[in-house]
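Assembly of the complex is requested from the two constituent chains, each provided in isolation within its own frame, with the hints serving as guidance.
Here the protein sequences line up with chains E and S, keeping their order. Per the numbering used here, numbering of the first sequence is gapless, rising by one per residue and ending at 509. Per the numbering used here, numbering of the second sequence is gapless, rising by one per residue and ending at 300.
Please keep in mind that the hints were generated in silico from the structure rather than gathered at the bench. The beta-carbon is built from N, C-alpha and C at its ideal position, and this holds for glycine as well. Treat each hint with caution, since some may be false.
[Stated by the list, open to error] These stretches of chain S come out as covered by chain E in the derived footprint (C-beta under 8 Å, 3 or more residues):
id : segment
1  : 140 to 148
2  : 187 to 197
3  : 241 to 251
4  : 285 to 291
Now for the letters of each chain:
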Amino acid sequence: MATTVVPPHAAFFGAKKEIGARSSFSPSISAHRCRKHSLNKVLAVMAPAQPSRAPATTGSVKHGMTMTEKILAKSSDKSKLEPGENIWVNIDVLMTHDVCGPGTIGIFKKEFGKNAKVWDREKIVIIPDHYIFTSDERANRNVDIIRDFALEQNIKYFYDIKDLSNFKVNPDYKGVCHIALAQEGHCRPGEVLLGTDSHTCNAGAFGQFATGIGNTDAGFVMGTGKLLLKVPPTMRFVLDGEMPHYLLAKDLILQIIGEITVAGATYKSMEFVGSTVESLNMEERMTLCNMVVEAGGKNGVVPPDETTFKYLEGKTSVNYEPVYSDESAKFISEYRFDVSKLEPVVAKPHSPDNRALARECKDVKIDRVYIGSCTGGKTEDFMAAAKVFLASGKKVKVPTFLVPATQKVWIDLYSLPVPGSGGKTCSQIFEEAGCDTPASPSCGACLGGPRDTYARMNEPMVCVSTTNRNFPGRMGHKEGQIYLASPYTAAASALTGYVTDPREFL
Amino acid sequence: MATTLSSIQAPVSTICASSQRPHCPTGTQSLLFVSKPSNYTIFAKTSYSFKPSKIRPITAPRATPSSSPPTTFHGQCYVLGDNIDTDQIIPAEHLTLVPSKPDEYKKLGSFAFSGLPTSLYPIPFIQPGTDSTQYPIIIAGANFGCGSSREHAPVALGAAGVRAVVAESYARIFFRNSVATGEVYPIELEHEGVNKQCTTGDIVTVDLERNVFINHTKGKEFVLKPIGDAGPVIDAGGIFAYARKTGMISSVV
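This is chain S alone, in the form it adopts within the complex (with noise of 0.2 Å):
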């Protein structure tokens, strides 16, 4: 017997464009906007006295049942242009792989970004010879994850060790695949042309409760557009863990 959907109630505008997502606080986060310059500068100089050369990324812990979800992200960023397709994120020799097998799923992990050209990006995402990354955050350019439906790419960059990617705009279905499967935050900025102002290996912090993205070896200051609706189903794990927390799916033996 097919699983009926009597008690599934629609999720609150989960899967939807950041540009049609309220900017008013729901009722799991409160979002602040860092309106004010000054508040800015403040931010600006506590971080100053960071040294970036050789810190080791230090990230917040992926959300387990019992813990509550992250609010902030921090480590190396690794920066990428425009149009930064499926293909690019994960070529399309590994998708033999199988998501769902773990060792199938680290063993994906390892490819991530395998695709991007030398000769425009010639620090590796990943140092051969080891599977997983030492930059947590990424940040692109317009239109990231272009291409593919394949559920590989979000998933790749999970489990490549990737927490949050910070970009000015997505393609739907790559945008919609990293809500369902809970593997990475999708968050977008509010203004252009962030990705030129960054270096791949700058130590970055993605706070999701105030929506600023702080470059601290640049020094500078980004807004980020709330994460929204979508928050709260990455948050519990993706939208079948996200039904079933809320009560929307009851637990499937």
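This is chain E alone, in the form it adopts within the complex (with noise of 0.2 Å):
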């Protein structure tokens, strides 16, 4: 198959911009005084970002590539690419969902025509997970396009529901597409992901290229198996020390989105490593990737290691290849954390670049904890969560809508034993708190959905919520105000009603 690649833009990124290291996309002026202030008051615990040093300006320089640099020129077939590069991918796996597939599948069929094959049947994973409890006629029937495409092209990955009221009877059914995609095996190291939804660089987290499209987009891989991509320059997040045993994955994506705003990683790559990052298991590494597209990323990666690969043991038969970043590649910036010095955080109304220590919002009244999502409601999530309500012995003060991502997630609630509390699992506890029974697994509540949603915000009040955006109206109501917050601070906050800081129980 030939194809001709166009020589590298003229604009080439790296020389002209790295001084300064901020992208051109500068975050709102507003936005920055306030940050200015802020930054005043939180404690030193971050170097400044370092430019990477100017390559030589006589001849080329021979330095080597960071991973998502080396995973896009492995993908491309070329031995050597540098950012700003347009470049055509091989995709090696395309997901969709309920909500762009009917779409999507529009777009497939106009543009190739009604009766064309998808590019590969094996490489195409659909997976219904945004409006499925509902009696939204347009939601439910959206689930059957899919359904219909699915067997039309005989797609071997199709996660299907058909009896809405009990999903426990669906037997394929699994529930939030990233993390359905993670658990059945779908995401491994080296390879490129490619998603109808922008949290499919939650991926990234096994050391692989996800990121998410549009319906166009998604159109043109499902018949080719290609698209033309530009690779990003790569930011990276060096995380150190010892994680404070009342801080998560969240507290971390947090504070760095805090750090360079919504706006700071656009058109970038967001590498995180160091000691903390290495410690972290795979659900915790997914979180931080997961809301690499609140600041802005075209991606996020964690190196591949031993966790990942346990991870992935029994769970694919597809071999995979770990890369790596070189030694000598070049970066557009870097950060320094110590996180042993860091403190829980929220990002409160209405973005989620809008950071706060969670103990200088105890003042805050809260009507409601959600707990759920692929950001925050997967197993170790729902196990902090429980942590911190056994700590407590107490009930919850408010409505608590605990919503397990997929069908995996929900049987360990009701499976797994907590540990330090004596063989009680999640549910147990849960109950005993006094939280809602955990629902249906599915998107639920995170983007509103129809009406019927359950958990969605209909009138205006304020949640604390476990999620990964809180622009106005996000979970419904335009007036509703949503605190971005760790399983912990979550948990914490149902205790006592107002937003809180986990110490107050851990």
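This is how it looks when you write it as structure tokens:
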């Protein structure tokens, strides 16, 4: 298959712009000013951004590639490439769900013909997860549309649901796409995964290039198995120090987003390294990479290691080849964090970069707590919440909604013992604490959804949530106020009825 | 049989950040920078004769295969701040509408910007009872379109009648989706703070040939960054149409 690739772009990213290191998509001036004020109060736990060394001006300089560059080079059959290049990339996995699937399928059929066949029936994963447990007719119809397509194309991986009244009787149904991709072994080091959802970057935790695309791009991939992508430069985040017992990966990523703002990583890759990252389990690494898009990032990566390989054992039979950044790789900027000095944080309404210390928000009265989504509804997230409820022994003061991301997570809640509880399961601890019964696994109210979605915010109220975005109207009502937080902070807040630092209990 | 890519060549830097577009003429458009102050004053003088109050928006027709692509857009503008995310552009509850179905495409348009908080934006983008907007041009601040990868966002804007968004900067997925679908022109301003100098309802012109944004009501002009290689893709009607028009993929039945 002969493809001609355009020569590297004239405005080559590396040479001109790395001094100062900020993206040309600079954050809004007012946000920047506010941040300057708050920076004066925060402990200096972070070294200032280091611009990478400028390349020699004479001739070409031999330097290595970052993880992201290497993965893209491998997938485009190139031995070398530079940030800024547009390249045709071979896609290993394309994911779509019930919200964007029908539109993608419509484009695929319109552009390639109504009798066209997808490029590879084993490389497309179709996962209904967004608007499932609803009586909204169009939502239900959309699941039918993707089912019809999956049958017509003989798609190997279609995690179907037919009986909406009881998710447990649907053996194929998984739930939230990003967690299902991980649990079903579709995420593998060194590969390229695209999905019609912004949080596809979640899979970067496995050391692969994973990013979100729209219906049109996905339709193109469906037919050809390739996409034209621009190589992003990489920002490096070095997280060192022992993780305090009251912090979770959610605190780390909220800290980072608060630092660089919602446009700080636009068109860039975010690489997470350091001893703290190495100490995180896969689900925590996923939380870290999940919110890369909230900083504007194109993708996030964590170097694969024994933790990764162990997680993948028994999940996939496809061979994979991990890649790692070269010693001499060029990064557009580097940020260092001493994690041992960090404190639990929240993102206040109405932006994921509106960072504040949880303890400084203790006077904020809340109306409810939501624990769920790809960001904060995994087994480890519920275990963390259970730990706080267990330590307290008291009941929650506000309605506390629990939405497991997938069937597997739901099962874990009802079967795995919580350490230090004398054999109790998460579900028992949640019941004793007065939380709502864990709901049917799906994206739920993270993004509002149809009016009858469980835990949707239909009136203006204040909610502490383990989800990923808190822009106006995100969970339903335009005047709703959402505080993004870790599962520890969310559980602590449920117990007091106010935004609460989990150290009150842990 | 999946379509093979044997005849596909990479379009020239179609999906790219504006900062990386070369500031040099492309083959299809000559891009002139308005750099001399005297040009600005000449423009401003002639525009004062406009009476902005009750003018119906007149915009260049959407490009059809036989017509040449538009180089100017003209009409009333709707002004927004920074970080307008996809949930504000099209609230998630409307995502059950499938953009590739014509009647649902139109319905999506009727919900464009229905997620904006009314306390900050009291003027509705779409008049109640109607399904399209009287504001073909959006003026915005930084990081427009942040949030979700949902293509419903640029589609809703296009379906509502928006022709161009003029913003300080864009979130990448929104920018890319705008170009790939050809629904709206995502144009960048050279300088910050332009949205603060505009008011919803101002009569404006976006001139892609001279790379100038003119606010007739306020009597001001602002420099635009050239749309560069993304322009021909949008002109053609999106990435598939562009690929066919330029012979990069063969037309499929």
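In terms of beta carbon proximity below 8 Å, does the segment 187 to 197 of chain S have 3 or more residues touching chain E?
-> That given contact holds, which follows from 8 residues of the segment 187 to 197 of chain S lying within Cβ reach (below 8 Å) of chain E.
Mind taking a look at whether chain E covers the segment 285 to 291 of chain S? Criterion is 3 or more residues with CB to CB distance under 8 Å.
-> holds (count 3)
Chain E over the segment 241 to 251 of chain S, status - at least 3 residues with CB closer than 8 Å = violated (count 0)
Residues of the segment 140 to 148 of chain S with Cβ under 8 Å from chain E, three needed, outcome | holds (count 8)
Checked against the numbered hints given earlier, this structure breaks only hint 3.
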